[in-house]
Amino acid sequence: MSTSSSDKIEAGDPATDPHSTAGRGAPPRGTRRRLSRTLGPRSFGPVNWLGLWSLYLKEVRRFWNVATQTVAAPVITTLLFLAIFTLALGRSVETVHGIPFAQFLAPGLIMMSMVQNSFANTSSSLVISKIQGNIIDVLMPPINSTEFVTAYAAAGMTRGIVVGLSVGIVMAFFVPVEIAHLWAVVFFAAAASMMLASIGMIAGIWADKFDHMAAITNFVITPFAFLSGTFYSIERLPAPFYEIAHFNPFFYMIDGFRYGFIGQSDTSPWLGVGVMVMMNAILLTVAWRMVERGWKLKA
Amino acid sequence: MTQPVPPSGTPQTRRFGPVNWLGVQALLARELIREWRFFGPSILGPALQASLFAAVFRLAAGDHVPNLGGLSFFEFLAPGLILAAVMQRAFQSTAYTIMFDKLEASLSDLIGAPMSAAEVLAGWLISATAISFLIGVTVALAMIFFGLGVPVYPLLALYFALTAILLFAAIGVISAIVSTKWDGLSGKETFMLVPLVFLSGTFFPVDSVPEGIWRTLFQLNPIVYYVDGFRYAVTGTAATDVVTAMIVACAATLTLIAIAHTMLRTGYKLKA
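Protein chains in written order, with numbering that gives the first Met the number 0: chain U, 0 to 298; chain X, 0 to 271.
Since the hints were made in silico from the structure, they are not lab data. Quick caveat: nothing in here was measured; it's all calculated off a predicted structure. Where a beta carbon is used, it is the ideal one built from N, C-alpha and C, also for glycine. Warning: the hint list may mix true and false statements.
Unchecked claim - What follows is a list of derived Cβ distance ranges for each label pair: (1) U:W294 to X:S115: 52 to 58 Å; (2) U:P237 to X:D108: 43 to 49 Å; (3) U:L270 to X:V55: 54 to 60 Å; (4) U:N133 to X:G235: 53 to 59 Å; (5) U:V285 to X:D108: 56 to 62 Å.
Unchecked claim - Which bits of chain U does chain X cover? Going by a derived footprint, with three or more residues having C-beta under 8 Å, they are: (6) 231-238; (7) 243-255.
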């Protein structure tokens, strides 16, 4: 915590720092120039790396402090899903795409836990900050919109990936987890958590109350995540829904991620890559525009 | 110090008979209003959640029809979904409000009121029952919309629903009293309660659990009896004996209510 800007200014300021040698007698050579620089506004290059890093760390520590709720809880919930689905359907649905049902299910569940947690991280952080009023601490410092969005998105991704990794590791004890295409696993994990972190940011900026947040989670995120092929191959869907499913971006992330594990997918993973890149570009731009204009954030 | 003589007509210490009806009524009204504010906006959430589960299970099962003792997969699933939603809400209903009061220190208003432990507990349990019942009805309507038939034995269904609600409302009271922080409460919910509910045969029949230690553990979970009894009442088919289920349900609920009552009476973690 000692790296905040006010500490740095005070350390060299003779008026507030009694231990400073700067105020007593002649300053050593070179001190004056350094002093004048520390007393002025902090200058940094085109990117405020310190600010970006501090905001990112703050966001990561926020969820890490309550890791039981933010990491362990999703792991347990996902394992429960694995248990109930394999117990309920394991005997009747033996294979999907020629893969044992549990192995088909596992990547979808990992992805579902990742997207839910990336979304939860950015959205809950912003809503809590807005309600408690400490959002101002993030808006005041010399952090521009790009840095703001980058830090929040990166922290959301971090939580998503930490949860996904934990779920994957724990699941490996129960279900054989094999990776067929590592690039797809890495790409879709990163892209999906980035996408949901951006949606979380947009939702968090929009929402005024926890109720709004709960409504989005219940009525938007959960249905999309549930109905996008986590639990079944979309070939099962009847006529209109099969086509509609292809307009659901969540379908591509789960399908692509699963392709990384079992080497088979409902559509081409490259189409998924395209959809993910496009969605991320659009959503990050929207989030950036919101922060830039200060919509619902600044007076 | 001499007490000034109150002018005539000023109320003396309020008197009441063996039961402080006014107190119970006031607490109940307060809890119901608060429940509505707390949960009102999310009243349709559980119904949507249950519909999603139903849809997903149906799609995942596809043409394969698991052998569920003559029931279609949906008929098997729907009663479990209703009861799971009701049980979770009953727990949240008492646990969240008590935890909130406790942390805001407004629980002392209730402890200081001339109400016995039984009266306070009754206020909490009745309000939780009301809201959970409402949730149960919304979920049931959604399930009926998806093709669930009307309960075969409505009174029996009511019996199992009510015992389940009271059980979880009592567990909610106990959990909130024992927990010192929100973390502790949500930990109990995620790591104990939800697993108990999800692994109680809500979604799968007993005989899909592997034989041996897992099966024994599964049958030690008392919630299995509530779910199975409720399923029997709704569909007319059960895996275990219904009379046993009724007895277990009654006994477990009464035990938990008694524990909650003892905690309230002795002021465990509530009174200094």
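> Do the Cβ positions of V285 (chain U) and D108 (chain X) conform to the proposed distance bound of 56 to 62 Å?
Replying inline: Given about 47 Å between the Cβ atoms, the range is violated.
> With a cut-off of 8 Å between beta carbons, are at least three residues of the segment 231-238 of chain U near chain X?
Replying inline: holds (count 3)
> Between L270 (chain U) and V55 (chain X), does the beta-carbon spacing fit 54 to 60 Å?
Replying inline: Hint violated: Cβ distance 24 Å, outside 54 to 60 Å.
>> Please check whether W294 (chain U) and S115 (chain X) have a Cβ separation lying inside 52 to 58 Å.
In response: 54 Å, holds
>> Can you tell me whether the CB distance of P237 (chain U) to D108 (chain X) sits inside 43 to 49 Å?
In response: 56 Å, violated
> For the segment 243-255 of chain U, does the count of residues with a C-beta closer than 8 Å to a C-beta of chain X reach 3?
Replying inline: With 0 residues closer than 8 Å to chain X, the segment 243-255 of chain U misses the three-residue bar; violated.
> When you take the CB atoms of N133 (chain U) and G235 (chain X), is the distance between them in 53 to 59 Å?
Replying inline: 57 Å, holds
Hints 2, 3, 5, 7, counting from the list given before, are not met by this structure.
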